[in-house]
Every structure is written in C-alpha cells, then in structure tokens.
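Asks: One line per chain: the protein sequences are A and B, in this order.
Position 360 (the first sequence) corresponds to 360 in my numbering; numbering is contiguous.
Position 190 (the second sequence) corresponds to 190 in my numbering; numbering is contiguous.
One or more of the hints may lead you astray.
For chains that are exact copies, the list does not tell them apart, and a pair is met inside one copy or across any two.
[As the list claims (entries may be wrong)] Derived pair list, reagent style DMTMM-like, types lysine to aspartate or glutamate, alpha-carbon separation capped at 20 Å:
#1 94 with 448
#2 51 with 424
#3 372 with 61
#4 21 with 101
#5 380 with 61
#6 51 with 374
#7 172 with 102
#8 203 with 127
Just so you know, the hints here were simulated from the structure itself, not pulled from any lab data.
Protein chains: 2
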Amino acid sequence: MTKVVIVGAGAAGTTAGLWAKKTDRKCDVVIINREPYPEYSRCGLPYTISKVIPEFLNLMEHDPAWYENFAKIDLRLETEVTDVDPKAKTVKTKNIKTGKEETINYDKLVIATGSHPAAPPIEGAQEKKGIYFLRTLQDAMDIEDAAQKAKTAVVIGAGLIGVEAAENLVEKGLKVAIVEFLPSLVPLMIDPDMAELVEEEMKKHGMEVYTNTAAKAVLGGEKVEKVLIENRETKETKELPADIVLIGAGVRPYTDMAQKAGVELGTTKYIKVNEKCETNIPDIYSAGDCTEYPDFVTGEAVPQGMGTIAVRMGKVCGINAVGGEAKMPPGVLLTRITKIFDIHLAAVGPTLNQFERAGIKPVVGKITGSSKPEYFPGGKLIRIKIFSNEEGKILGAQIVGYEDVHQKINVIAAAMQSGMSIYELEWLETCYAPASCPTWDVLTLVAEPVIKKIARKK
Amino acid sequence: MTKVVIVGAGAAGTTAGLWAKKTDRKCDVVIINREPYPEYSRCGLPYTISKVIPEFLNLMEHDPAWYENFAKIDLRLETEVTDVDPKAKTVKTKNIKTGKEETINYDKLVIATGSHPAAPPIEGAQEKKGIYFLRTLQDAMDIEDAAQKAKTAVVIGAGLIGVEAAENLVEKGLKVAIVEFLPSLVPLMIDPDMAELVEEEMKKHGMEVYTNTAAKAVLGGEKVEKVLIENRETKETKELPADIVLIGAGVRPYTDMAQKAGVELGTTKYIKVNEKCETNIPDIYSAGDCTEYPDFVTGEAVPQGMGTIAVRMGKVCGINAVGGEAKMPPGVLLTRITKIFDIHLAAVGPTLNQFERAGIKPVVGKITGSSKPEYFPGGKLIRIKIFSNEEGKILGAQIVGYEDVHQKINVIAAAMQSGMSIYELEWLETCYAPASCPTWDVLTLVAEPVIKKIARKK
C-alpha cells in the first residue's frame, strides 16, 4: 500500500492526489496545505472582485469533507512542512494555528508548493496600506473588500493577472490605470502589433494605459494615495490617483522545502523534473508552478506557471507515484489565453522577443480577417500571426479577436504538438458553415504569407 | 499564355479561375456558367429565407463587372456547354437566352459543373405548385416569396439543407414539420445519440419532428395542401398541413458533359480525380460537387459535396492548370458543421453507420461536459464523441453543443490530418482561462474512455 504525501493543495498537488487514488484505490494520500482551503481555482480569483463569480467559495470544487469522505484523502489544512528527510522518507509538519508538530512518513513525495508574487522594489510600496497582490483566496477577499470603498486603482504590471484584475476593477466601477514597464501589454504572451488591439479595447472601456512606463514610487501616508510613474523614453512623470494599488509583477517559486531535501533546481531556479515529473531525488516528484519544464520550441527550460500544465504534471505525478506509467510530452507549448472585456487574446509558443532571446529567427505570417463568412452578419474581427522555421515547421502563433480565439489557438497547439507543417496547415480541412466560419478559416489563410516568404528565401 | 476554360461558376470553378490568375497573371481564364449570376454562396441560401442575410445579392462576393475589370476573367453567364472535344481541345457553348453558339478552345479545361437536387419518387410530388428544392439563388428567391404568404411548411429530408431551411422557415414565422426517412436527424453527419440534442432544440422552437418516417404522398390539387407521412415502424399515418413543401433529399452530380468528353466516373458515379484534381483525360481537371474523392479514413471514394473541399479542389485545379504544383491531401476528412437555432453540430470522419458499411469497428468514447470551467458562469453544454482504432489512431469525432463546436471540430481535424493518436490527444496542451475553457477541455477528456476501452481489449 503506497503512501503518497503531497505538499501543496493547488491544481498540481490536488490533481496528483486524485490521480493517485484513481490509479490505485488502495493507496494512502496525504495532502498538506498551508492555506485554510483545499484546492480552488487561482485563475478564477480576478473574477470574484467584480462578482462575475459571485461567491469566493464557488472557486472551490470540493469542500474539505469531500476529501475525507468521498475521495478518502487525508487533507491537512493550515499546515506547513518544516523539514523533509529524503533518507528516512519523512516530512515534519507544523499546524500554523495550533503549533502542533508531526512527522509523516512517505513512500512517494510530491512537491507542489507553487509560487508567490514577486515584490518589485518600488519606493514606498512596502509599508503602506492599500497595496495588494493577487495570488490567494484571502488576497481576492481583501481586494474585493477594499474595492467596495475605492474609486481609483492603479495596476502595476500588464501580465495576465494584471490585465484580468484591471478588467474586474473596472467592472466593479473603479477608474483604473494600468502601468507596464515594457513597451506593450501582456508582453510575455503577444507581440506589440497584436497587443495594440487589446490596448484599444481597454481604452474603449475607460481605462488609462501606460506602456513603456516605470512605476517609480507609491505615494501617500499610512495609506496609498498616488502612484508616481515615469515614461521610460520621454522621462515624463505623472501622478496617478490610487485608492488601491495592485501589483502583478510576476512570481517566484517556493523551493525552500525542495532545496532542504536536496532537490536540484534548474537553470531558471525552479525545480527541475523529467518527463515523469521525477526530481533528482528518488521518490520525490514535483509539479506545477514551482517547476520548470523544457519549452517545446526552444528546448530550453522555462518556468511554465500555467494551470493547464500544472494539472497535466499533477496527473503524471499521481499516476507514477503509485506505480502507473505516465509521461508529459517532451516540451510544453505554453498554450495561453485570456479575455479582456470583449477581446480575447491567445498564444502558443514563444513571442518574437522570446524567439530572439533563443536565437531563433522565425518566418512570420499575419492576417486580419473575420470569424464568419463575409456575407454572414455578425462576423467579428480576428487577427492571427504565425511563426514557422524555414523548413516549414510551425513554431508558434498569436491570435487576438472577438470570438473563437481559444479554440483556434487549440488548433495550432494540436498542429504543433503533432508536427504538422505550415504546408499542411495551408490545406487543413477546417469546417465551414455560413453561421460558423468561412471556407478558408484565417487558420489556413495565415499559412500563405509564410509559405511565400519561405519560397522567396530559397 | 495558357488558356484555362472553366465550366461552372460555383465555389470550385470560381476558385480555380482566381487561383489560375493568382499563379500566372498572364493566363487567360474563361468561366462559363448556366446561371445568370457569378459565384454566390450556395450554403448561405437558407438564411435568405428568414432575411438573416437581408439581400440575395449579399451572397455574391463580386458582381460580373469585377470579373471583367478587376480579375480580368472572361465570365460567360447564362451559357451552357453543349459539347466538348478533348482531341481538338474545344468546348461548344450556347447562350441560353440568345441561342448564340460559340466554339472556345482551351489549353486546360476545368469541369466544375456541381450537382442538382435529387427528386425522390413521392406520389404527387411532381406536378404541384408549392414544391421546392433549395439549390440555386432562384430557388431561394422563389421560396422566400412563397414563404411570405405561407403559414405551414413540411420539409422532407433532415440533411443539412433540410434542417437549415427548416430553421429559417421557423424564423420566418411558419409552422414547420420536418420528416426524415432514417431513424435520426442529420444522419450523414451525426449518430442518433448526438442527434437527440438537435431534436430537442427543434422541438423547443416549436417544430414537429418525424424521424423514421416516410413521406408517402404530397396531397392537394394544383397546389400542395398536405403531406401524407407514415411511420416506418408503426405504419401509423398522418397528414401534415403544408403551404410549402421543401425537399432536401440529397443531390446528383452533373456529369453529362464530362462523360461526353470521355471523363471517367468513379465507383460513386461522380467524376474521378487524382490528388492534382486531374481526370483520366489529359488537360481536363475537375473539382467540387461533381467529383468524388477518397475518404481520409476508409480510403473509399465518396461524393464529398462540401464547400470547403470545393474551394480546396478549385485552388488545386487553378494552380496546376497554369503550370504550378498543388496537391490535395490524400483523403478528405469531411469536416462538417452547422447550427440549428442555438445548437451547433459538427463531425469529422465517418458516422457509426458509415464505419459499419466500411467494415470498421471503431472504439468509441463519449462525454458530455461544459464549454467553460464549472465555477465560471455561462458555461454551455457540449457533447463530444470520438472514434479510434485499436492502435489509437483517431478515426473521427462528432460534437454537438451550444458554443465552441466549430473550432473544436477543427482541433480534431488537425489531429487527424497530422496523425495525432488518441494517446497524444489525452495530453494535448489546450489553452485554459476561466472565461474561455477548462484546464481539461472535453477535447482531451474524451480520450480517456477510449484509452480505457483499448486497454481492456488487450
């Protein structure tokens, strides 16, 4: 009877536990979690601010009793792991509330400790009330509470968390400004020529958008009042009123416990795992936001930090921990999507910047079209950009538009994962009906400029 | 200077002409068409009945002057080909209105003559007013006109044309009954367990649905009044009131001209072509609804009859006719989609019936889920069914649901066309965001039951 101990009840850890049980009903599963809740959707948190998701607890798929009574999982909440002994195969735990300590033995250990928000060194951003990060259910509760009395908010960082939080603060009725250090919005996901559509959409909804702009200081007394920003090019400064400051400036992994156990970190300083999600230490697996994994395109390790990858890694850990056999694909595509007001944006594979850093010069094709046939009313703008190498291997894509974006990026993800070439994509037999999509979907049309460019190079 | 003569200005023929010009600007292109219009969207016709597409001419992408002035294509409307001489490489044409005859020489001939509705031998269905087929713009105009004065309609045949026409007659305000000979709706596209959702949707919108039912006779005097139907199992009969009878009982190819030229028909009695869309006669190509093509899964020739395939074949003909090089994929997936009221239905590959006829016993997986994460409001029902062989090769899929159906079927189409296995599909890295789709899309979840069944067989 295998005993699987899992540290962290996020998407990765909980999925690992459920799949261990699904694979071998007789195994013992213990999940240890610092937070007072079992798994909830971290990605759903921004939507609790605006009450699009009306109750915080909606984000929780199962209550603690379900784990005990139905899943037969020993769930230890508000408990942290203080030590791990990979030779004795034990972890020491401490209940945060009661202080009670315990030593738990394991046959297999899964480290799914996740990550926490990075705190950039902005002057005055450390000691004031009204500054928030958005990572935990408690964070979301605090922001929702503060937003009820607030009129203005400044969001620092236009990554996924930043833009989603900004949207929901607008929906809540606040006047919102967003500040991004890099020259365009959501820079880890889409290139500037795609992000311009997102910027337009934000402005259409009354947001102020400051790109290529540094947040220099958070001003105020005990409580935040303003944010001082500076345009990185013109050096022009401005003070933005802020009852709330929300910082979305990336994350850092929790790796203390892993390092105590002698688990090796990779080049990115996240936990290194193989396709079976094994670390370098026997019987210790790792999954989710605390891990790095090879990028499908560049082959280089990346801190992937995505819910989809977390659950896939969790599944792999859970199956393998009880003697099953599961493997991650050799690389992660980083298929990513979000929606800001009415516009959807998605990507798979590296951005142009990321290509450049990896020393890859992709051939680029881009078109702007409609989601429906021209003659059918209600078609919506969609822009797609695709990357290929000179042999026609598809290296990535970005899509921004008002409908169908998420499933279209899945088509490219499937094409990439199965090695479809840009030449095959040109002839992909997509579906067509007047009310659905055109005979030549933008997915296939975008292959043409790439193929032309490749031909010209030869 | 190559002279390309194209017979038929439908999607296949017109696409051939435009791609010939795109490939070699100096070539001569003549398009000969029996109808008084250049290319229009045949698939859009049903939507003109309800005025969802407000003007008939919206369906026409370009007017005749565009072909002459911009595309530099010699468009001969209301003209039929009366003879073809493949040795002399000439066609004889006759203007339908003026009777003027002409002989036109060609270097390359493209036969894109399309198909016409089948007229099933229903008693009384030949000589009465009020009986319609829906194939041409003129048909749509006639139906729209008749529907203005009509209160009731009976649609015979629940294929794509039948159900789309039925929906639009309902939207127009008519009381509509649909009669299908086979046991379930849209039987060439989806299996009965998927079609039940479509039947519910139709009934919810006030339609009467009669499956497994024969239309025995059209009753009335000079004009239709009723349709006599008989349940094929119970033999129960009923008379349905009908100011309009619309027959959608399949199509037959126009092959007279091809046969005159010595062009070989295939096993289905449609025109046989190879991957380059060449017929057996040198310098004669064929494309679109008059052709058959090997099915991707069974390898057997099928009359494909789809707009997507027509334009792809047209592109191949056009490029090859002027000395370029293009090839169809070796088989057609028959990726198909439509929408009835609020429900969308899609398929790729054979139905269970079609598998059975081809002697294939697929492993079947089916799940019903939601388009969005459980915790996010507004997720909509989606049912997906997938077919694999015992080696895990994906053989087809059907999807019915209230959103995302068309692009999800495209994901499976991409997976099939690139040879992705059901094992790879299980791990496909789809995108995830609360407002878009769950961490495990139904696209990936549906692989699990198939994999379990395959494992059990081993």
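Asks: It remains to establish, for every hint, whether it holds in the given structure.
Replies: Quick rundown of the hints versus the structure:
{"no.": "1", "hint": "94 with 448", "result": "neither (60 Å within a copy, 38 Å between copies)"}
{"no.": "2", "hint": "51 with 424", "result": "neither (44 Å within a copy, 37 Å between copies)"}
{"no.": "3", "hint": "372 with 61", "result": "between (36 Å within a copy, 14 Å between copies)"}
{"no.": "4", "hint": "21 with 101", "result": "neither (26 Å within a copy, 79 Å between copies)"}
{"no.": "5", "hint": "380 with 61", "result": "between (34 Å within a copy, 18 Å between copies)"}
{"no.": "6", "hint": "51 with 374", "result": "between (37 Å within a copy, 16 Å between copies)"}
{"no.": "7", "hint": "172 with 102", "result": "neither (44 Å within a copy, 72 Å between copies)"}
{"no.": "8", "hint": "203 with 127", "result": "neither (31 Å within a copy, 63 Å between copies)"}
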